[in-house]
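Trainee: Sequence:
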Amino acid sequence: MTYINGKEYFQFILKKKLFIAEINSTVYLFEHSRLGCPVVAIKNDDHNKTFSAAFNTIPTDSTGVAHILEHSVLMGSEKYPVKDVFGEIHKGGLMTFLNAMTGSDITYYPFATRNIKEYFSIMDVYCDVVFKPLLDPATFEQEGWHYHQEAEDAPLEFQGVVYNEMKGAFSDPIRHIFHNIYGGLMPDSTYAHESGGDPRNIPDLSYQEFCDFHSQHYHASNGMYFFYGDAPLEEELQYLEKKFDAHFPEKGEKAVVIEGPGIKSPVSIHKTYAVDSTDTKEKTFIAVGTNIAKVTEREKNTAFQIIANILFNSDASPLKNRIVSSGLCKDFGGLYMASSSYQTFMLSYLVGSEAEHQEEFVRIYQEALQDMVENGLDHELVLSELNKFEFDYREDSSKAQRGLDLIGKVMPALKYGMDPFACLENESMLQDLRKKALEEGYFEQLIKEFLLDNPATVTLSLSPDPQKQLSTKAEEEARLQSYDQQLSETEKVQRIARTQELMQEQQEANSVENLALLPSLTLKDLSTSFDFHQASTVKVADKDVLISDLDTNHIAYIDLGFDFSAIPAHLLPWFDIFGTIITEIGTEQLNYMSFAKEVATSTGGFSFSASVYGNIDREKTPRPIAWFHLKCLPDYLERAVSLISSLLSKPSFADRARIQEIVGREFAWTDHSAQSEGYGLAAGRAEAQLSIGGAYREMYGGITAYRALKDLALNYEQREETFLAGLEEIAHLLLNQQNLQIGITANRPQIEHFLKLCPALIKSLPTHRVSRQKPPVMNLAKHEAFITSAEVVFAIQGANLFPQGSGYNGHFEVLKTYFSRDYLWNTVRQMGGAYGCFIQFSQLNGNMLFVSYRDPQVAKTYDAYNRVAEVTKNLSLPREVMDQLIIGTYGGFTPHQSQASRGAVARNEFISGITPQYKEARIEEIISTEVGDLRKFAPLLEEMLTKSHRTAIGNRAKLEQDASLFDRVEEL
1 MTYINGKEYF
11 QFILKKKLFI
21 AEINSTVYLF
31 EHSRLGCPVV
41 AIKNDDHNKT
51 FSAAFNTIPT
61 DSTGVAHILE
71 HSVLMGSEKY
81 PVKDVFGEIH
91 KGGLMTFLNA
101 MTGSDITYYP
111 FATRNIKEYF
121 SIMDVYCDVV
131 FKPLLDPATF
141 EQEGWHYHQE
151 AEDAPLEFQG
161 VVYNEMKGAF
171 SDPIRHIFHN
181 IYGGLMPDST
191 YAHESGGDPR
201 NIPDLSYQEF
211 CDFHSQHYHA
221 SNGMYFFYGD
231 APLEEELQYL
241 EKKFDAHFPE
251 KGEKAVVIEG
261 PGIKSPVSIH
271 KTYAVDSTDT
281 KEKTFIAVGT
291 NIAKVTEREK
301 NTAFQIIANI
311 LFNSDASPLK
321 NRIVSSGLCK
331 DFGGLYMASS
341 SYQTFMLSYL
351 VGSEAEHQEE
361 FVRIYQEALQ
371 DMVENGLDHE
381 LVLSELNKFE
391 FDYREDSSKA
401 QRGLDLIGKV
411 MPALKYGMDP
421 FACLENESML
431 QDLRKKALEE
441 GYFEQLIKEF
451 LLDNPATVTL
461 SLSPDPQKQL
471 STKAEEEARL
481 QSYDQQLSET
491 EKVQRIARTQ
501 ELMQEQQEAN
511 SVENLALLPS
521 LTLKDLSTSF
531 DFHQASTVKV
541 ADKDVLISDL
551 DTNHIAYIDL
561 GFDFSAIPAH
571 LLPWFDIFGT
581 IITEIGTEQL
591 NYMSFAKEVA
601 TSTGGFSFSA
611 SVYGNIDREK
621 TPRPIAWFHL
631 KCLPDYLERA
641 VSLISSLLSK
651 PSFADRARIQ
661 EIVGREFAWT
671 DHSAQSEGYG
681 LAAGRAEAQL
691 SIGGAYREMY
701 GGITAYRALK
711 DLALNYEQRE
721 ETFLAGLEEI
731 AHLLLNQQNL
741 QIGITANRPQ
751 IEHFLKLCPA
761 LIKSLPTHRV
771 SRQKPPVMNL
781 AKHEAFITSA
791 EVVFAIQGAN
801 LFPQGSGYNG
811 HFEVLKTYFS
821 RDYLWNTVRQ
831 MGGAYGCFIQ
841 FSQLNGNMLF
851 VSYRDPQVAK
861 TYDAYNRVAE
871 VTKNLSLPRE
881 VMDQLIIGTY
891 GGFTPHQSQA
901 SRGAVARNEF
911 ISGITPQYKE
921 ARIEEIISTE
931 VGDLRKFAPL
941 LEEMLTKSHR
951 TAIGNRAKLE
961 QDASLFDRVE
971 EL
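Heads up: the sequence shown begins at 1 in full-length UniProt numbering, then just goes up one per residue.
Any given hint might turn out to be false.
As the list claims (entries may be wrong) - Pairs of lysine-lysine, BS3-like flavour, derived with a Cα cap of 25 Å:
1) 17 x 242
2) 243 x 415
3) 300 x 117
4) 254 x 409
5) 17 x 7
6) 539 x 620
7) 620 x 300
8) 399 x 117
9) 254 x 15
10) 43 x 132
11) 415 x 254
12) 242 x 7
13) 294 x 435
14) 294 x 264
15) 264 x 251
16) 300 x 435
Simulated from the structure, these hints should not be mistaken for lab results.
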């Protein structure tokens with residue numbers, strides 16, 4: 001069909017159509033003739049079709065009603081009266097993306113799939129759940145909040161998935177910074193409220209208010225709709241109009257953001273956050289937020305995104321170095337909030353400071369900005385950050401979920417009355433911006449006008465309070481007690497009965513008849529041909545170079561790997577901080593500031609990571625490899641490789657002051673992450689005694705490494721000489737030709753160019769030989785719990801299910817899908833109130849972990865884990881459910897990936913011995929799975945549970961209440 005501007009198609013009037021070369025897509029903007037809502041279609045040959053419905057959801061308080069509603073509409077609709085529609089379609093689909101998100105003034109429901117049948121099926125489900133959800137009281141209680149008391153002698157508490165999610169979110173002081181800066185800058189606006197919900201306010205929300213919010217905000221007229229990819233536009237429009245016609249005979253109101261007048265003079269705020277330790281030294285955050293512009297001012301907003309990198313994030317930033325070297329903090333950073341609210345703002349912050357440093361920080365901050373305005377920004381620094389920004393823009397077009405990315409660019413335009421086409425055309429603007437920044441002092445002008453001379457600024461100090469968690473708990477208990485005292489004995493009995501009734505409802509399975517209403521794929525819809533990419537190898541200077549010849553949009557992704565099995569056990573806890581230091585410290589010729597500018601100028605990024613690779617052949621010893629990752633464009637390839645070669649061939653650790661700064665900064669952030677979101681540490685600890693890889697990871701990236709970094713940071717002067725000698729020893733044992741493994745993902749011309757550079761790169765490295773060490777062995781308590789300042793718990797249990805590899809096959813992958821998407825989802829999330837629960841499993845070593853996320857329970861969660869063998873033994877699933885589990889498992893084995901990711905996966909699979917033939921064999925087993933194949937794993941699971949390890953991390957009261965589950969409970 002040919003589409004003409006001004007014509008009407010299925011009641012959608014085409015307002016504008018334009019081919020945009022930058023994104024190689026034709027973009028259409030429609031408006032519904034009756035309802036007035038916009039529809040944007042971005043059409044191209046991408047098979048990963050994407051749809052999203054979005055609604056302007058404007059909060060007027062911090063009860064989290066928009067967030068709770070986002071969860072709740074996915075729990076069943078008029079057409080699909082299924083408990084947890086989201087969970088059911090996730091269980092058995094090929095979707096490459098499926099989610100729902102709540103922002104500060106919007107809620108949106110995106111999904112993506114490569115299957116055209118599934119595309120229109122899930123579109124139907126999504127439209128029905130948002131327009132006609134069931135929203136019964138039980139859903140509100142489960143997803144939002146309710147008074148929970150299971151028996152007369154059981155505690156009375158608040159429970160609910162969003163309630164517990166936000167308790168976890170508010171354990172993070174960074175969340176408090178954003179909440180207070182938003183409220184301080186825009187006190188009378190939409191953005192002064194916490195759209196996700198403040199745990200203190202969530203129980204203020206009534207069921208009626210919850211239902212009313214849906215009625216007010218989920219009318220089609222208050223929405224915006226997006227299509228992306230190669231699906232037929234005619235069918236998309238026809239489908240959407242059928243939904244509109246069925247549910248919305250009249251135009252509705254569009255919800256509008258409340259902007260508020262904003263502040264006109266500086267504001268100072270002091271708040272506290274919870275810490276579990278009495279040691280509060282250097283744990284204060286200080287932040288400065290400044291109102292900048294409206295989101296509609298595109299060039300200005302783009303400029304400030306680059307300015308934020310220049311000022312706050314580049315290691316070459318004179319402002320950053322001036323503040324960090326002053327001793328006021330462990331780290332200084334910032335960002336520009338360009339599209340999450342109508343009013344944009346600049347945020348800078350100190351990490352690891354003291355409240356009394358606030359005035360001095362503001363003084364240095366303003367003096368440094370004044371110097372930049374008067375003397376001009378460093379030309380090389382501006383150039384490097386312009387290059388980096390443009391590189392990131394180019395790389396965006398290669399993302400696997402390109403549709404989501406482009407929809408994310410268009411959505412603010414529709415929200416705030418901008419031109420959506422302009423948001424997709426940026427190259428001309430970037431060229432103009434480059435000229436103005438380099439030749440006309442544009443950035444300096446903006447800094448002066450909007451940062452120096454702007455009184456609309458909020459300064460926040462957020463200090464640690466060891467009593468905060470106790471006082472918050474006391475307030476919560478007082479509120480519950482007050483409520484309890486208002487009830488009669490009959491009402492108290494009714495409350496217990498309602499709790500038990502809700503728990504019973506949560507345990508009830510969906511009927512076969514209701515499940516049959518959901519659209520689903522069949523096994524016949526699964527492709528039997530696969531496009532698995534396999535890396536090839538070529539010898540260069542007697543070294544294997546792994547090659548992935550892929551269309552990466554002219555970006556070369558280079559990996560230089562070094563086997564680190566020569567690193568002795570006593571140095572492994574410093575290995576991760578070594579990687580951070582060496583990628584930032586500079587070379588003998590370039591100090592760290594000059595090095596940072598050169599990295600930003602000639603590369604798209606330079607980073608370090610460590611991995612331990614098991615092998616399909618269990619007889620082979622796992623390989624620990626440290627990777628240096630480099631990405632660059634063709635014109636900079638030789639320059640980038642030369643830069644990294646000079647760094648790795650002769651690393652320099654002479655800048656002692658800089659090294660101390662990095663150590664302090666890394667501990668501040670690592671401690672912050674561990675205290676609020678420590679599940680990664682707990683999972684690593686549980687795996688530490690299960691395999692060689694687990695022991696390695698615990699040593700260099702787990703609790704062992706965390707404690708070593710803490711000791712180093714807090715006692716740096718005493719440890720400095722030993723630590724610096726350790727860095728030298730690690731570099732000597734790691735960076736040599738013997739250990740080298742090279743990989744590249746790029747198009748053929750760049751690969752050929754890189755191969756010509758490889759001999760010199762290899763030759764530049766030292767040639768000395770090193771001896772492999774015995775792999776580390778961890779002797780830890782079997783069951784451990786670690787106390788942090790989090791309001792929730794992360795509970796992990798694991799063991800090695802297939803010690804010698806025997807017994808594993810594709811059938812187990814289906815059982816794993818059942819555990820993650822059915823059993824654990826129902827027991828730990830729906831019934832237990834955790835925000836999430838999932839399985840980590842490696843087919844290369846047989847380790848399996850059960851992991852709960854932002855969990856209010858401890859004993860109940862472990863009880864759910866310990867029932868998996870019994871559940872498996874008695875498993876009985878209808879054929880339809882089995883097919884859905886098979887399809888969902890199949891989708892995980894055939895993921896949608898960017899070209900860069902395909903190259904990285906091919907590299908890893910080559911090292912681990914995984915071939916396309918191996919994966920195809922597992923897929924054949926997956927597709928042929930019967931429920932009897934799943935039951936066969938029950939004895940293995942039973943044996944696993946007898947030898948499994950438990951590790952939990954999180955809230956003190958919750959862990960101490962169930963201390964009997966652990967051999968020891970201690971502070972992290």
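Trainee: All hints, please: hold or fail.
Mentor: Going through the hints against the structure:
Of the supplied pair hints, the one linking residue 17 and residue 242 holds, its CA atoms being roughly 23 Å apart against a limit of 25 Å. For a cut-off of 25 Å, the pair hint linking residue 243 to residue 415 stands: about 22 Å separates their Cα positions. For the suggested pair residue 300 and residue 117, the alpha carbons sit about 43 Å apart, so the restraint of at most 25 Å is broken. Proximity of residue 254 to residue 409 is assessed by CA-CA distance (about 21 Å); at most 25 Å being required, the pair is judged to hold.
Of the supplied pair hints, the one linking residue 17 and residue 7 holds, its CA atoms being roughly 11 Å apart against a limit of 25 Å. Between residue 539 and residue 620 the alpha-carbon distance is near 23 Å, which keeps this suggested pair within the 25 Å criterion. Proximity of residue 620 to residue 300 is assessed by CA-CA distance (about 56 Å); at most 25 Å being required, the pair is judged violated. Between residue 399 and residue 117, the direct Cα distance comes to roughly 24 Å. Compliance with the 25 Å bound is thereby established for this hinted pair.
Using a Cα cut-off of 25 Å, the hinted pair residue 254 and residue 15 holds, with the two alpha carbons roughly 19 Å apart. As the CA atoms of residue 43 and residue 132 are separated by approximately 29 Å, the hinted pair breaks the 25 Å bound. Annotation: proposed proximity of residue 415 to residue 254 holds, straight-line Cα distance about 10 Å (limit 25 Å). For the proposed pair residue 242 and residue 7, the alpha carbon gap of about 19 Å is at most 25 Å, so the pair holds.
At roughly 23 Å between alpha-carbon atoms, residue 294 and residue 435 fall within 25 Å of each other, so this suggested pair holds. Straight-line distance between C-alpha atoms of residue 294 and residue 264 comes to about 16 Å, which keeps the hinted pair within the 25 Å bound. A hinted pair counts as satisfied when its Cα atoms are at most 25 Å apart, and residue 264 with residue 251 does not qualify at roughly 38 Å. Our distance criterion of 25 Å between C-alpha atoms is met by residue 300 and residue 435, whose separation comes to about 14 Å.
Of the numbered hints stated above, those contradicted by the structure are hints 3, 7, 10, 15, listed in ascending order.
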